[in-house]
Amino acid sequence: MQMDAKDVLLVVSRWKGGNKIGPDRFRHICNAGRDALISGGFVVVKGEGEKNI
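For what it's worth, the numbering used here labels the leading residue of the sequence shown as 1, then goes sequentially.
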């Protein structure tokens, strides 16, 4: 996944415990990072009228 975020450091961590999420963990990590960048207003969502969310 490539996003046009400038001057941003994003760290996603996972607590090692609880349910095993298997190979889907990478998808979940990417989705969590993407959601954080969008909700923080660091990237523009395409198809949303070029506005930050």
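These are computed hints drawn from the structure, not numbers from a lab. Where is the CB? At the ideal position from N, CA and C, for every residue including glycine. Hints are supplied without guarantee of correctness; some may be wrong.
Claimed, not checked - DSBU-like cross-link-like pairs, simulated, lysine-lysine; straight-line CA separation at most 35 Å:
id, residue 1, residue 2
1, K6, K46
2, K20, K46
3, K16, K46
4, K16, K6
5, K20, K6
Stated by the list, open to error - Pairwise CB distance ranges (calculated):
id, residue 1, residue 2, range
6, G18, G47, 27 to 37 Å
7, K20, G47, 33 to 43 Å
8, K16, G47, 34 to 44 Å
9, G17, V45, 27 to 37 Å
10, K20, V44, 29 to 39 Å
11, M3, D24, 17 to 27 Å
12, W15, K46, 28 to 38 Å
13, V45, D7, 25 to 35 Å
14, M3, R25, 13 to 23 Å
15, G47, G17, 30 to 40 Å
16, V44, K16, 26 to 36 Å
17, V12, V45, 29 to 39 Å
18, K46, N19, 15 to 25 Å
For each hint, the structure was consulted:
Annotation: proposed proximity of K6 to K46 holds, straight-line Cα distance about 16 Å (limit 35 Å). With a C-alpha separation of about 33 Å, the suggested pair K20 and K46 falls inside the 35 Å cut-off, and the hint holds. For a cut-off of 35 Å, the pair hint linking K16 to K46 stands: about 34 Å separates their Cα positions. With a C-alpha separation of about 30 Å, the suggested pair K16 and K6 falls inside the 35 Å cut-off, and the hint holds.
Pair hint K20 plus K6 holds up; C-alpha atoms about 33 Å apart against a cutoff of 35 Å. Distance hint check for G18 and G47: the Cβ-Cβ separation is about 35 Å, which falls inside the suggested range of 27 to 37 Å. At roughly 35 Å, the beta carbons of K20 and G47 sit within the given window of 33 to 43 Å. The supplied range of 34 to 44 Å is met by K16 and G47, whose beta-carbon atoms lie about 36 Å from each other.
Distance hint check for G17 and V45: the Cβ-Cβ separation is about 33 Å, which falls inside the suggested range of 27 to 37 Å. With their beta carbons about 35 Å apart, K20 and V44 fall inside the hinted range of 29 to 39 Å. Range check, M3 to D24: about 20 Å between beta-carbon atoms, so the 17 to 27 Å window is met. Restraint check, W15 to K46: a C-beta distance of roughly 32 Å satisfies the suggested window 28 to 38 Å.
Separated by about 19 Å at the C-beta atoms, V45 and D7 break the suggested range of 25 to 35 Å. A beta carbon spacing of about 20 Å between M3 and R25 agrees with the range 13 to 23 Å that was offered as a hint. For the pair G47 and G17, the supplied restraint of 30 to 40 Å holds, since their beta-carbon distance comes to about 37 Å. The given range of 26 to 36 Å is respected by V44 and K16, whose C-beta atoms sit roughly 34 Å from each other.
With their beta carbons about 19 Å apart, V12 and V45 fall outside the hinted range of 29 to 39 Å. Under the hint 15 to 25 Å, the C-beta atoms of K46 and N19, about 33 Å apart, miss the expected range.
Consistency note: the structure conflicts with the earlier hints numbered 13, 17, 18.
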